[in-house]
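Trainee: Chain residues, written in single-letter form:
4 protein chains.
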Amino acid sequence: MQHIDALWADFTRPIVTAEDYIASLRGRRMNVFFMGERVVEPVDHPVIFPSINAMAETYRLASERPELGGVKSDIADAQTNRFLHVPTGPEDLVTKHEMQRELGRRTGTCFQRCVGLDAIGSCHSVTFDIDAERGSDYYRRFIGFLKRAQTANIVIGGAMTDPKGDRSKSPHQQADPDLFLHVSKRDDKGIYVSGAKMHQTGAVNSHWLIFMPTMRMTDADKDWAVVGAVRVDAPGLTYIVGRQTNDTRIVDGGSMDAGNAQFAGQESLIVFEDVFVPYEHVFMDGEWQYAATLVERFTTYHRSSYVCKTGLGDVLIGAAAEAASHNGVESVSHIKDKLVEMTHLNETIYSSCMAAAYRARPMASGAWLNDEMLSNVAKHNVTRFPFEISRLAQDIAGGLVVTMPSEKDLQNNEVGPLIRKFLQGKSGVDTVDRMRILRLIENMTIGRNAVGYLTESLHGAGSPQAQRIQIARGMKIDDKKQRARHLAGIAETRPKNA
Amino acid sequence: MQHIDALWADFTRPIVTAEDYIASLRGRRMNVFFMGERVVEPVDHPVIFPSINAMAETYRLASERPELGGVKSDIADAQTNRFLHVPTGPEDLVTKHEMQRELGRRTGTCFQRCVGLDAIGSCHSVTFDIDAERGSDYYRRFIGFLKRAQTANIVIGGAMTDPKGDRSKSPHQQADPDLFLHVSKRDDKGIYVSGAKMHQTGAVNSHWLIFMPTMRMTDADKDWAVVGAVRVDAPGLTYIVGRQTNDTRIVDGGSMDAGNAQFAGQESLIVFEDVFVPYEHVFMDGEWQYAATLVERFTTYHRSSYVCKTGLGDVLIGAAAEAASHNGVESVSHIKDKLVEMTHLNETIYSSCMAAAYRARPMASGAWLNDEMLSNVAKHNVTRFPFEISRLAQDIAGGLVVTMPSEKDLQNNEVGPLIRKFLQGKSGVDTVDRMRILRLIENMTIGRNAVGYLTESLHGAGSPQAQRIQIARGMKIDDKKQRARHLAGIAETRPKNA
Amino acid sequence: MQHIDALWADFTRPIVTAEDYIASLRGRRMNVFFMGERVVEPVDHPVIFPSINAMAETYRLASERPELGGVKSDIADAQTNRFLHVPTGPEDLVTKHEMQRELGRRTGTCFQRCVGLDAIGSCHSVTFDIDAERGSDYYRRFIGFLKRAQTANIVIGGAMTDPKGDRSKSPHQQADPDLFLHVSKRDDKGIYVSGAKMHQTGAVNSHWLIFMPTMRMTDADKDWAVVGAVRVDAPGLTYIVGRQTNDTRIVDGGSMDAGNAQFAGQESLIVFEDVFVPYEHVFMDGEWQYAATLVERFTTYHRSSYVCKTGLGDVLIGAAAEAASHNGVESVSHIKDKLVEMTHLNETIYSSCMAAAYRARPMASGAWLNDEMLSNVAKHNVTRFPFEISRLAQDIAGGLVVTMPSEKDLQNNEVGPLIRKFLQGKSGVDTVDRMRILRLIENMTIGRNAVGYLTESLHGAGSPQAQRIQIARGMKIDDKKQRARHLAGIAETRPKNA
Amino acid sequence: MQHIDALWADFTRPIVTAEDYIASLRGRRMNVFFMGERVVEPVDHPVIFPSINAMAETYRLASERPELGGVKSDIADAQTNRFLHVPTGPEDLVTKHEMQRELGRRTGTCFQRCVGLDAIGSCHSVTFDIDAERGSDYYRRFIGFLKRAQTANIVIGGAMTDPKGDRSKSPHQQADPDLFLHVSKRDDKGIYVSGAKMHQTGAVNSHWLIFMPTMRMTDADKDWAVVGAVRVDAPGLTYIVGRQTNDTRIVDGGSMDAGNAQFAGQESLIVFEDVFVPYEHVFMDGEWQYAATLVERFTTYHRSSYVCKTGLGDVLIGAAAEAASHNGVESVSHIKDKLVEMTHLNETIYSSCMAAAYRARPMASGAWLNDEMLSNVAKHNVTRFPFEISRLAQDIAGGLVVTMPSEKDLQNNEVGPLIRKFLQGKSGVDTVDRMRILRLIENMTIGRNAVGYLTESLHGAGSPQAQRIQIARGMKIDDKKQRARHLAGIAETRPKNA
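Chains as they are written, first to last, in the numbering used here: chain S, 1 to 498; chain D, 1 to 498; chain G, 1 to 498; chain F, 1 to 498.
Some clues are possibly wrong.
Copies of the same chain are indistinguishable here, so a pair counts whether it falls within one copy or spans any two.
[Stated by the list, open to error] Here are the simulated lysine-lysine pairs, DSSO-like style, with alpha carbons at most 30 angstroms apart:
{"#": "1", "residue 1": "Lys189", "residue 2": "Lys164"}
{"#": "2", "residue 1": "Lys222", "residue 2": "Lys421"}
{"#": "3", "residue 1": "Lys169", "residue 2": "Lys426"}
{"#": "4", "residue 1": "Lys164", "residue 2": "Lys408"}
{"#": "5", "residue 1": "Lys72", "residue 2": "Lys164"}
{"#": "6", "residue 1": "Lys426", "residue 2": "Lys336"}
{"#": "7", "residue 1": "Lys408", "residue 2": "Lys476"}
The hints are simulated quantities; they were obtained by calculation from the structure and are not laboratory data.
Excised from the complex, chain S in its bound form (with noise of 0.2 angstroms):
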């Protein structure tokens, strides 16, 4: 285990407070490129410090309420965050979800660190259901490797989706094998994977990865079943940040024009050129039966972890209220209502969620996931609910959300007076926090965090279509129609147990 020591050796005291969290990230060798350029130090890119900054506001919820954003492990036998805890029970799903919620509200965009947790959380009960029925050791492995990350209470990213190529062919027919990723070669120490992973999520901002297949595998997709552990900075991996909505308005201004200064989402293209895996770290290798199951669970606890959203819906909603009352129309009936349907839609999707971790079911291996029906149907509501959210917070604060000047014309001499002579909104309102209002409200409906909140919930844990599969393949349709043929009359169908 010496080689897989050295791997950890830079993690030997453990991350406790956000400061930590960031100076950690400092001084490593990635390849990350952004706008077409080497981007050496992450940390100090002005662009992409939002991103880490909401990252790290996980650490500040642990240090803050650890009862809710951290977790005492029984695997590490410590205190750890919560985002790196299987869950046990319907219970630590539910505090999961309100975690999300909180973590929604405090950065008002994609914290980053779910996929990770999910990954961890399915690879849990995936790995012990191999060996299990296989005999083999990823289990052992995979708990091994949560240990060390648990006790040095890292970041870990998970790696999903393969850029795919032809939808029409699984993954061995495609022309470019690195079209999913793959066992590209193998020797006695490990695997080399090759390929590529697209939109993920705070990748950059994590220490170690997970990667893991994206859909249903046949055997000859073998070399493509694969699930393993990376460090970030391992030889061989690429970043390639993806642009956002909005995304140099934290350079090209002061902070406001940029509505949510501190905080930001980000996903990245990670390319993997033979990439070398210990066999400590991997944990599944041609097993493709288990794809399929993988890929299920974990996109079930994941469509749940969209419960975030209404962390974001809780600021828009506040964020329209506070513009309508700079108007001085809070009590107008059709703003309050338009208030009561946000918040209704916000909690609609809160319930879906949150009736999903209650409703858990144990896997073989301890680990407890999200009812399957339930969390599909709370995500395709995060693909509706979220637009019409954003819509009616547009309604509410005018059209002064994308037309108002820059903030640079507010500092300028000639015309900053004329912006605040005319931007002035009911009496005693700061004409400034009104543009700041507007500023946040644009952030998220049309700005950079509109990224995370509108886009994401469409695609992010699956496009719609998606969940209609899992819902369509849950809706046991047969007891349904027999107890339709019950009531119609029709004779001898009356359901057992009915």
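Starting from the structure of chain S, add chains D, G and F where the hints point.
Mentor: Leaving out everything else, chains D, G and F in the frame of chain S:
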């Protein structure tokens, strides 16, 4: 207590089976009217019987699945029907909701017992609270009443909605004091109440009724702030059973045109004319301050009780799938997609109700109450989604739902064979089965049970606007605004604990 | 033409008034069945009469507002009912739609005459086109037929929808050839047709029927590609009138419970058993290539004809406003807002239909046809918005819509006074008026005329998916893609003329 | 008129081509600010130029399709751009809307010229009406102005929206009189106006501006009831161009990241400081009674002008179809269904706008005005459907819309090849083309042109509530109630003429 014992003399042998229950309704001397005629024996009235049979299903379920339909009560120290049980923890509410969905599935209609159940739950904690603050004796009385009811395993109905007259006036301001139920006189034995309750579900099928005020009151409304229990056959009570869509279908043909010949709902106008209530059965008498509390707790329970509609949804989804199958189009993509959408909406309702149960909180009396915000959100979804599910069911089923010949035509020698010839569906499908399923869809979407599935879903437990008012009250807008201000960078407003 | 003259012998005096029309329906020997019984004189059948009366309104309108309900026809060189007129320009279609909305407002139901009208319009241009390409004689025959009909000012019904049997098979592939209407034999005088037509609107109330194929055909389906006109009392025709929600309300009480005692719709199953059609009344006979053309032109006309539902919408909006006024809440903001929403949806339907009329294009015969895309869009809105308008009407009206005592109870000496006392609304409102308005809302949202307002809005003129197919065909996706490529900066793709 | 001639001295040669137009904008001395800096030459500003180019498309269209983009004006007796034309019949409005849709298709953004156009239309009839009632001279002045403008074929902008300050107060009650534009002083030559106009579309790209009051006024607001025309470079005018989402994308990479590099919208805050207006260019001066009339006519025109968004919808539908095609999934049923839904919504908007044009009515001046109810309905649909179309476009396009690497990354030697390798779609699709289409979808749904497609669709020409107020005013509720009463059988209420 002798006079009280006399009132309970008819209920010495506990009702166990559905047959017991139906028998127990016979021979009572109630003033029941329907379509201009006195109904001497409701059990024998063909239009009323299906509603009795739906109520009877609550006993069938308790016999067949005692853990779901029944419960061991600490109050009576006996197994009792779950509809008589005060929930003592979230799990009780969860099981209650599972029972309600199952009964919805079994009957495809309103089984009418939830109002009484939710009256029991809310009286338990409110009588306790009044006593605690005012040293009154209501809780003991109520527990005594409930113990007798549980021991006899009877049906308790609840009566809340007053006629209200001029809605801009409070009870004491009405031209006619009877427009809200009130104490009309009192003596040393008890009180006399006069007025009326509207839209009362299953009243004729109950044994006792609990009456409650319908809204917030003031000091001047003292006489209207009254809660008590009466036998349904108490002197001075008159029941006028309301007409329902297609109510007479059951008598104008065979069983088929009714769509669901076995089960239906029932609502009536109950008139109280100086109805005597001994003090032992009075649970609030002038404590106007608690009227709003009682209403809010009742509606919080009752709005989640609308989870029953997901059971009806199950039946309707099954019926639509069966109709599609009869047409040979079940695997057509737009049909499958509509079934998925129906399921998604149905499960969204379910998850809101269940989340409201899991997140219950305890009252001082030891009764647990659903989460208020989520219960309102749940009911608000019920005011919308069944309408869309119903529309989709009709879309799948086709126009025959409303143009199909009658069962009598089918039995006619001349045209019966023509109907069989031309209404045949996919090969192998029995034409009569096809017609039965279409009649069931008619029944639930534009027939007798559409009353319960659609209109009652709008107005039962409070009309849509009532939920919006409660959502507005609970939406914690100040906290949300503070979160927004913080993220917008407005100084000195970071929320505490955030 | 002597035998033809004989067929028209009963129609020598033009029908002018509604009374003429009703009288003209008497004494015919049709095979009509309803609820298992032969209906000797439909005019005297209380359940059927309201549908006759709705049809009669088309004559009343023509008498009262001849410019709207009638038109000067060049074919007959006489004033005729507009329902017999072939549109010869956009203005004709515009006026037609205004007439349809007005009749919807006057009757609150389906007045059943649009199918025949739209059959006339489509036969005009299709017979012309067949003749032009094939040298046949259909157009002359059709004009001859139409001239007689206009001169007699009779009601022509249209019959299109075949039973279809196994939907995966074309007409000639069906196990039973009768599952699509077809030529069963022919002689030198004419053809004989057998089969059936389903959901036929107002057939019993018509004088003649035009039958048409229901879908695209192939060479092998020649015998099924047949169009012709028959008297409704032709030997071999049998009518089975379908049941409607609450159809018997009209006979089980006074006029009130029916909600709308004067007017209703009517749909029946028409069976054809070797019905003779002289060649002079045959307008297509084997030209299978034109079956699809005829269906498409018919549905293009007919989908816009659903503008009538905006007339029903007017009534329902008015009823909801009246109900709110009875409750004294008409000026409450959420009530007003719902009335606005209902109006918005209603006028959106109206605008789609009207736009489809204004953007009509001429056929070779000189008939003008609504814009196909917009007509499909219009009807597709009709499959959605009336359901939401209906839900909002029930929301405003309150639960009494489905729980109200019967008119017979109101007339009862014992309970009548109680109902008057407790159902009183705002001071000054007559309780019976209040009840009448609520019954009308019941009638249109969950009663007899909900059949026409809701379910028929879904399926009439083609179910929702039928419109989606046509929208897909007309959406010019290649032009749209080219526009996108051009703006995206993809080279060499600037569209011509753009 | 000499001083007037001087004001028009720069406009002696008519602008014919787009190149003429762009040249005409150079060398003007306007006070324009953007992002804190004075913009000396807006034409050369890379962020502003795309908005100029969008405006220029109105000239290109007039050159390429003179019958659509231009018109022969009777006022100037010359061919002029259609954006300078007063509609003299429904067909003019119909053609106007077709032109607007076509320009939306060509530019994918707001081409900014409709405010001026609709200002011309409304001033035509309102000045005529004022003169007719008060003997003033405004109409002659206005026609003189318009003739010069048409002859020179220039761009006229419109300016309506005042800052409004405290919304509960009328203009004269504001603490600062400048919060509504007003006459600050006057002399024998003309008036001076001060104040500001917000959200002004394309003002910097115009030659002249017509300013108008924004709402109903009272006698005390006389000084604020002012309409006039000024050159955009008149002394005292300052323009502060607002920030738009992703506005700087055009300068921070190549052309690709911008999504639509050629075209964009523009909105600015215009400050008026004692701007002189000679009486010859004053079209209302104290006639406060007509302020509301002017606003209502303007908004009636302008709400239908939002038909332009259906042109943007065409582009977005095309882009989504193209993206689906790149992924090889265009024929998948749920994708096709989403494209149909997008088209259905887009054409519903179109039909409302077109119906409002066809049903126009004439003003006394001879100008024709869209139907008010339908125009409000049209715009109200615009506040909803583009949001759903946009959501569906993102659904089809996939998450890459918001996670894609930048164009600079594509050009980078190290990562460019990786992007080409991993972002390849279906075989045969150029990866760069694929990226370009996704960037266009980003541009229209969460990028620069989403400002126009979404937020402006909400608030332009009045926010949603403004339409609801107008719909409420026009909904003829009394007639609707009477129809309902009649059908409900309430005596003596049959409507006249019905």
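Trainee: All the hints need checking, so say for each whether the structure fits it.
Mentor: So, going through the hints one by one against the coordinates:
In this assembly of identical chains, the alpha carbons of Lys189 and Lys164 lie at most 30 angstroms apart only when taken from the same copy (29 angstroms versus 68 angstroms across copies). Only between protomers do Lys222 and Lys421 lie at most 30 angstroms apart by alpha-carbon distance; the minimum there is 22 angstroms, versus 68 angstroms within a single protomer. Proximity of Lys169 to Lys426 under the C-alpha cut-off of 30 angstroms is restricted to the inter-copy arrangement: shortest distance 10 angstroms between copies versus 60 angstroms within a copy. With identical chains, the CA atoms of Lys164 and Lys408 are at most 30 angstroms apart between copies only, with a shortest distance of 24 angstroms across copies and 44 angstroms within one.
With identical chains, the CA atoms of Lys72 and Lys164 are never at most 30 angstroms apart, being 39 angstroms at best within one copy and 56 angstroms at best between copies. In this assembly of identical chains, the alpha carbons of Lys426 and Lys336 lie at most 30 angstroms apart whether taken from the same copy (18 angstroms) or from different copies (27 angstroms). With identical chains, the CA atoms of Lys408 and Lys476 are never at most 30 angstroms apart, being 59 angstroms at best within one copy and 35 angstroms at best between copies.
Of the hints listed earlier, those the structure fails to meet are numbers 5 and 7, in rising order.
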